[in-house]
Amino acid sequence: MNLRLTLSLAMASLWYRRRVLALVTLTLTLSITLLLGVQYLRTEVKQSFTNTISGTDLIVGARSGQLNLLLYTVFHIGDATNNIRWSTYEKLQEDERIGWLVPISLGDSYRGHRVVGTSEQFPEHFRYGRDQQPELAEGEWFADVFDVVLGAEVALTHAHQTGDRVTLSHGGGKTSFSNHKDTPFTVTGILAPTGTPVDQAVYVSLEGLEAIHIGWESGVAIPGRTVTPEEARQRDLTPDAITAAFVGIDRKVLTFQVQRQINESQLEPLSAILPGVALSELWRIMGQFEKALLGITGFVVVTSLIGLVAVLLTLQAQRRQEVAILRATGASPALISALHVIECVLLAIAACGLAILAGAAGIAALSPWLLDTWGVQVGLRPLNATEWSIIASVPLAALLVGLIPALQAWRGSRKQGLGHVAPE
Amino acid sequence: MPDMTGKTDLHKESSVTPESSVTPRQTLRISELTFRWDRTQPGIRYPDVALNSGEHLFLQGPSGSGKSTLLSLLGGLIVPDSGRLELLGTDLAGLTSGQRDRFRADHMGVIFQQFNLVPYLSTLNNVTLPCQLSQKRRARALSSPEAEAKSLLTALGIPQNHWHRRVTTLSVGQQQRVAAARALTGAPELILADEPTSALDSDNRDRFIELLLGLAAEKHSSVVFVSHDSSLAQRFNHQLALEVTP
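Quick mapping for you: the protein sequence lines, in order, are chains A and B. With my numbering applied, the first sequence covers -15 to 408. With my numbering applied, the second sequence covers 5 to 250.
Heads up, a few of these hints could be off.
Unchecked claim - SDA-like cross-link-like pairs, simulated, lysine to any residue; straight-line CA separation at most 25 Å: (1) A:399 with B:94; (2) B:154 with A:30; (3) A:399 with B:90; (4) B:154 with A:-14; (5) A:30 with A:52; (6) A:399 with B:36; (7) A:399 with B:123.
FYI, nobody ran anything at the bench for these hints, they're computed from the structure. Remember, it's a predicted structure, so these values are computed and weren't measured experimentally.
Take the sequences, apply the hints, and build the full model.
Here it is in structure tokens:
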């Protein structure tokens, strides 16, 4: 059997039937893109998750589940159930086992981005990825009450530079009707991209947050009780409460001891969580979901392949004359059936190629949205071995299902007479 | 058991060759050949035929008389129930189906009534197809399969601007001539033509037969030509008429 001839015949035949086959190839392409995309995102999201926070030994917040605490402090998703009193925070600072504390105060937003009230401890101790420090791309960290530092994406989205004046909004959400418009902030620094939720956040001092909420104790600005920035500076801006705190322990062996003591604290109901444990629990929950998703998309690919075979079987009826010519010219039934298998595999390879391109384009297009909405950093990278084997399995599966039309063609062409189809 | 009632007779005496003098020069030899498609249908018994190299046979008969079946037998796509069928001194029944395919690729060219060409190949690629399927045909071609195809297409009057076009753009007459070029390429010993002129008008038909027989003579190929049209018969050395089995 002449492989080169068979291959060139198969290519010419596919090209001749391209209009009919384009649609099934598209179906197959989409399903492979989906499968590949799910697998790719699995890897990327997991990587992105584990990169979100590092170096922090405990996260302390009001009593709640560890996932909730992790989500609102690290991922800026959801809200705190309660606050921690400032006095409690001060007590924690006195604890000798605790090396450092980064206060976190949430609740406000800037055009849909979370405002994080913190201290100069944040750039000092917060780490992400492999012990990486958030660095400023421009300007410097806040020094004044009304200074603000923007995450990389925030600055990029709203085209901010240092020196710009911004107005924060009360509460979360993209559009807020209560803005702290009497107390605008000045951008003093812009962070370099980190690929973590830090890029999506806005950092101000705890004092700044306190200042803009004077007269807002009931949740809305009460006329006459709000103050101008100048008046605010005169006041004592020590906060009453914060949302949570990142904790660093000097001697790591004491981590569990400190955690237990905080959880059993008599000051107020507190929760201390280990970020690594919470991250892996979060991942375990997500993991079940993404495994199911991978399974489903696998079935979608199988369905598309069956659709492809159905179309090839339908086309076979139109190919009797062509088979008769090839047989009469001396082609063996093996060549005829190989033609069918090769066509099926070629289509699958074409669909895989298109799926890689579509997947790359899709990830390039979706990654800003994923980072924006889910705080997940998904970048383009070369495919890994698992992804390549998933891609390779598609032409292999096509080879298997292609045997169905091939076998039928083989049987048909054995009964083939010269120039006519033998009676059944 | 069905008896061999397939009644056939020779209109004109063909060259009767004694059984013993089988030489490689003999292209085709049929003796006491019978075939039936299935048990419910009556069998066909074919008259004995012998065809020397370069001689042509005109095969005539109404529908159902077994003309196409004979061509399938000659092509080795089916095997006879009994009797002998020798091509170029080889008994086809003694070959496996794969060997018969090989034999057909190496030694036979085929022309059908219509739809002779692979729709997704160009004119030129349709003509070179036999050379791609058979080393022997390629070896017998001129300098290259393409050169052979071009020379045949020129001889058969297919304009050069049609050579690289898809065959579906050709007229029926042109398609039949391209089919003839494909059958002739690589100078096969035997050309099987199954009513190749039935879709052509009389001018085209006469021109087609003239070209086919002329080029076949050039290549020393024998032509077995099936047709309803008895007016064509006198152009062939041998004629054979089949009748419908009662």
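So which hints don't hold here, by number, going up?
2
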